[in-house]
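Undergrad: Construct the entire structure; sequences and hints are all you get.
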Amino acid sequence: MRLYAEIVFAKQGALRHLGHLDLARTMIRAVRRAGLPAAYSEGFNQHVRLTFAHALPVGVSGARELCAVYLERPVSPGEVARRLSGALPVGLRVIEVAVRQGGKGSPFADVSTAEYEARLDGDTQGVADAVARTLGSDRLVVHRETKHGSREVDIRPHIGRLQWDEPQGLLRMTVQIGEQGAAKPGEVVECVARALPVGASLQLSALHRAHLGLSGDAHAGGK
Amino acid sequence: MPPDDVLAEVERPARYIGGEWNQVRKATADVAVRFALCYPDVYEVGMSHLGSQILYDALNRQPGVACERAFHPWLDAAAALRARGLLLGTLETGAPLRDCDLVGITLQHELTYPGVLSLLSLGGVPTRAAERRAEHPFVIGGGPGAAAPEPLAPFFDAFVVGDGEEAAVEIAELVRRSPSRHQRTLEQRHGFLRDLAQVPGVYVPSLYDAPPGGRPVPRCGSAPETVVRRIVDDLEAAPYPLAPVVPHCEVVHDRAQIEISRGCSRGCRFCQAGVLYRPVRERRLATLVEQAQRIIAATGYEQLSLASLHCADYSRIIELVDALQASLAEQRVAIALPSLRADTFSIELAQRVQRVKKSGLTFAPEAGTQRLRDAINKGVSEADLEAAVRAAFSAGWHALKLYFMLGLPTETDEDVEAIAALVRSVVAVGRELLGRRQGRLRVAVTASSFIPKPHAVFERVAQADEGTLRARGELLRRALPRRAVALSVPSPVQSVVECVLARGDRRLAGVLEHVQQAQRGLQSWGEQFDPSLWREAFAAAGVNLHEEATREYAWRRPTPWSHIDAGVSEGFREAEVARARAGEVTPDCRQAGCRDCGLVERCERLGAAGAPAEGTAGTG
Chain A
1 MRLYAEIVFA KQGALRHLGH LDLARTMIRA VRRAGLPAAY SEGFNQHVRL TFAHALPVGV
61 SGARELCAVY LERPVSPGEV ARRLSGALPV GLRVIEVAVR QGGKGSPFAD VSTAEYEARL
121 DGDTQGVADA VARTLGSDRL VVHRETKHGS REVDIRPHIG RLQWDEPQGL LRMTVQIGEQ
181 GAAKPGEVVE CVARALPVGA SLQLSALHRA HLGLSGDAHA GGK
Chain B
1 MPPDDVLAEV ERPARYIGGE WNQVRKATAD VAVRFALCYP DVYEVGMSHL GSQILYDALN
61 RQPGVACERA FHPWLDAAAA LRARGLLLGT LETGAPLRDC DLVGITLQHE LTYPGVLSLL
121 SLGGVPTRAA ERRAEHPFVI GGGPGAAAPE PLAPFFDAFV VGDGEEAAVE IAELVRRSPS
181 RHQRTLEQRH GFLRDLAQVP GVYVPSLYDA PPGGRPVPRC GSAPETVVRR IVDDLEAAPY
241 PLAPVVPHCE VVHDRAQIEI SRGCSRGCRF CQAGVLYRPV RERRLATLVE QAQRIIAATG
301 YEQLSLASLH CADYSRIIEL VDALQASLAE QRVAIALPSL RADTFSIELA QRVQRVKKSG
361 LTFAPEAGTQ RLRDAINKGV SEADLEAAVR AAFSAGWHAL KLYFMLGLPT ETDEDVEAIA
421 ALVRSVVAVG RELLGRRQGR LRVAVTASSF IPKPHAVFER VAQADEGTLR ARGELLRRAL
481 PRRAVALSVP SPVQSVVECV LARGDRRLAG VLEHVQQAQR GLQSWGEQFD PSLWREAFAA
541 AGVNLHEEAT REYAWRRPTP WSHIDAGVSE GFREAEVARA RAGEVTPDCR QAGCRDCGLV
601 ERCERLGAAG APAEGTAGTG
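Residue numbers (the numbering used here), protein chains in the order written: chain A, 1 to 223; chain B, 1 to 620.
Bear in mind the hints are in silico, worked out from the structure with no lab data behind them. Glycine is no exception: its CB is placed at the ideal position from the N, C-alpha and C atoms. Wrong hints could be hidden among the right ones.
Said to hold, decoys possible - To give a feel for the contact side, a few chain A residues facing chain B, derived at Cβ under 10 Å:
#1 G13
#2 A14
#3 L21
#4 I28
#5 R29
#6 A30
#7 R32
#8 A34
#9 Y40
#10 N45
#11 Q46
#12 V48
#13 L88
#14 P89
#15 S205
Said to hold, decoys possible - Counterexamples of contact, computed for chain B against chain A with all Cβ distances above 12 Å:
#16 T28
#17 R176
#18 G191
#19 E348
#20 Q370
#21 E382
#22 Y403
#23 E414
#24 E432
#25 A462
#26 P490
#27 R507
#28 E536
#29 G542
#30 R579
#31 V600
TA: Now the structure itself:
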């Protein structure tokens, strides 16, 4: 069994422009500054062992991101939260901490859904109808560029909730993430834009990840 | 911070957001002087520069002074700012350079000079000093470029020659005591510059007449005839950043640094740094160990680099490395020795810190024959080198980098062929010692062009012409074995341009403007260096690139940098060049006694005024 601190944190403000590797580097140095009893990898370049549930793309903020820092010895969740909070730059904030025992695999193997809020600009008056049409479609095919070239993917099965919050100008969605199949927020916006009347267009001006969840969570699946 | 739509469209936006750990941001009410410390290259390069971190720390220690950083944006971001009419500002507060009290720019390398101009123009500051109005910031240059600043003279209000940590604080203090930007008249601005010229080490170019090719002479009594390089006598008492800014994104040197010593007394005759940082000053061992602990605790860095011109020359280097390893073992900090010499002592040192991983090791023999190595005073013998190479391969290294120079004074084709012979013998030793692992043997050879630089012993010699440099590079390429060897020869044109800019006068200002206005990239980035643009710019300014680079400057005749006294006397240089022609070496003064280079008084003062008891003073 391996001991780890599960850290729920927010990445916001200017720090949303950090890429995943930069976030990892920043988190590792914060853990070292905090003096947490982190477990280190073996070998020449020993580094703090930590892992994230799911990479957050450059430019996207997150309200409840997940990071596991492996520990060498037990430490109270309150202690982790206090020390780490004092070592994180503005824009990264500890929300809550749990200290757990885990097996060999990733502690976040069960994380399979994500809830996003996409701020939309452009011809938004038709979005409510477009969302309804999108949810009514059996197939939503998008092109995805991969290392092996471009391929077509049906993302319909991977979209859970999709809701237009007119007053806020936010398109809220719950999508599946991970290896079993995923829908990317940009792709969902693209599908909604396609369902608009001819000539209308939408721009995704900001993206925020509100939540990462397990497939069984109440957040997910509600079509 | 640039607006979101700019950040959304540029590569690596994290370099423009600021807010890094240990960034210093002072409340506006507490700020009397805003000092924009600029690096004329991108964030990743500028944030790796130790000197800038030292100045940032020294200035921010002053109450009332806010030192903030600005870097040259990458091309996409620069274009985005221009297209939207936005000004380049500091990372700390976003204040446009135009609205700061002082703009300090470090001059590390000649090819960043066009970047200096675009940095100013992006920040809304008129590039020519003569066009600045009363409320504009004072633009101050520092770093090695300030020791031969004439090509940049029309763009700067002042330069600081030599160590900057004390002078920068004095200048900020002078600004604090003078009328503020919005209250002063143009006449008061000029008056301030006359006051500034009184600060030791400060050169105010607008107070001098500069005849083409000649020595600038003061036009008024408030400017000194000779500007004497600033030297911090006591490094122990000098401020050092114990909580440096930790970048979010990966930078070139992404690690903690302690400055173990400043200066080098080896006396290589081609070397400018060897003159500009004399005499050698060391920090005490106990101080360094304490500084290292505090820096690691304050930053969380995983690696600590020992900054100096030559690590192995630190008088108690073995003890230092052992003490650092012992005190930082628990934090699992790896120690890096960035500058090693080609001798067995250095290999032993490298082994002490690299117990497992054998990444590349770099040696700089500089020349292929003993005759030429003696002529340049590179105190490395064939035997040293072979022993070092043997030690390295035996200890498990399998990749070596070897640095050489082409076009050194007195060089012949024979010397170049000897480089190939030397590399062949390194490969042979590698095959012998690596045995079954010889498939992993890699020898990377870099042969760059020699550039005569102001203040170096070889400052007045002619640079080999471009054709010769190219031919020697080709000769080397043909003579080198192909298996296990990779050769890199940086563009000779680039070194010719560097040479002319390094020794140039104010006529070259027009060349820099021409290159900057074309906006064809950052010329300091190899792949963006544009030879045809530079040729065009020199032609437009009526400067013959070839003639200027290959010109031999006569002794006792004024040069455009003769008014800058770096400390080493002309007599010493002339004698050293004569010894070079005769193939005579000059031993390190720290071992063989004073060679009377001109700095003897500074050395004595240093010896008397508490140079570390365990260290030794010396110049070269």
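Undergrad: All the hints need checking, so say for each whether the structure fits it.
TA: Okay, the hints, checked on the actual structure:
1. G13: For G13/A, the interface hint holds, since the closest Cβ of chain B sits about 8 Å away, which is under 10 Å.
2. A14: Where the cut-off is 10 Å and the nearest Cβ of chain B is about 4 Å from A14/A, the hint holds.
3. L21: holds, 7 Å
4. I28: holds, 7 Å
5. R29: The hint holds - R29/A has a Cβ within 10 Å of chain B, the shortest such distance being about 3 Å.
6. A30: holds, 7 Å
7. R32: holds, 4 Å
8. A34: It holds, given that the least Cβ distance between A34/A and chain B is near 8 Å, below 10 Å.
9. Y40: holds, 6 Å
10. N45: holds, 7 Å
11. Q46: Hint on Q46/A: holds, closest Cβ of chain B at ~4 Å, below 10 Å.
12. V48: holds, 8 Å
13. L88: holds, 8 Å
14. P89: Since the shortest Cβ distance to chain B is 5 Å, the answer is holds.
15. S205: With a minimum Cβ separation of about 8 Å from chain B (threshold 10 Å), the hint on S205/A holds.
16. T28: For T28/B, whose nearest Cβ neighbour in chain A is about 18 Å away, the distance exceeds 12 Å, so it holds.
17. R176: holds, 29 Å
18. G191: holds, 41 Å
19. E348: holds, 19 Å
20. Q370: For Q370/B, whose nearest Cβ neighbour in chain A is about 37 Å away, the distance exceeds 12 Å, so it holds.
21. E382: holds, 33 Å
22. Y403: Per Cβ check, Y403/B is outside 12 Å of chain A; nearest 25 Å; holds.
23. E414: For E414/B, whose nearest Cβ neighbour in chain A is about 43 Å away, the distance exceeds 12 Å, so it holds.
24. E432: holds, 26 Å
25. A462: Check passes; 47 Å lies beyond 12 Å.
26. P490: Non-interface label stands for P490/B: nearest chain A Cβ at 30 Å, farther than 12 Å.
27. R507: holds, 43 Å
28. E536: holds, 38 Å
29. G542: holds, 46 Å
30. R579: Correct as stated: the minimum Cβ-Cβ distance to chain A is 45 Å, above 12 Å.
31. V600: holds, 46 Å
Going down the numbered hints, you'll see the structure goes against none, and every one checks out.
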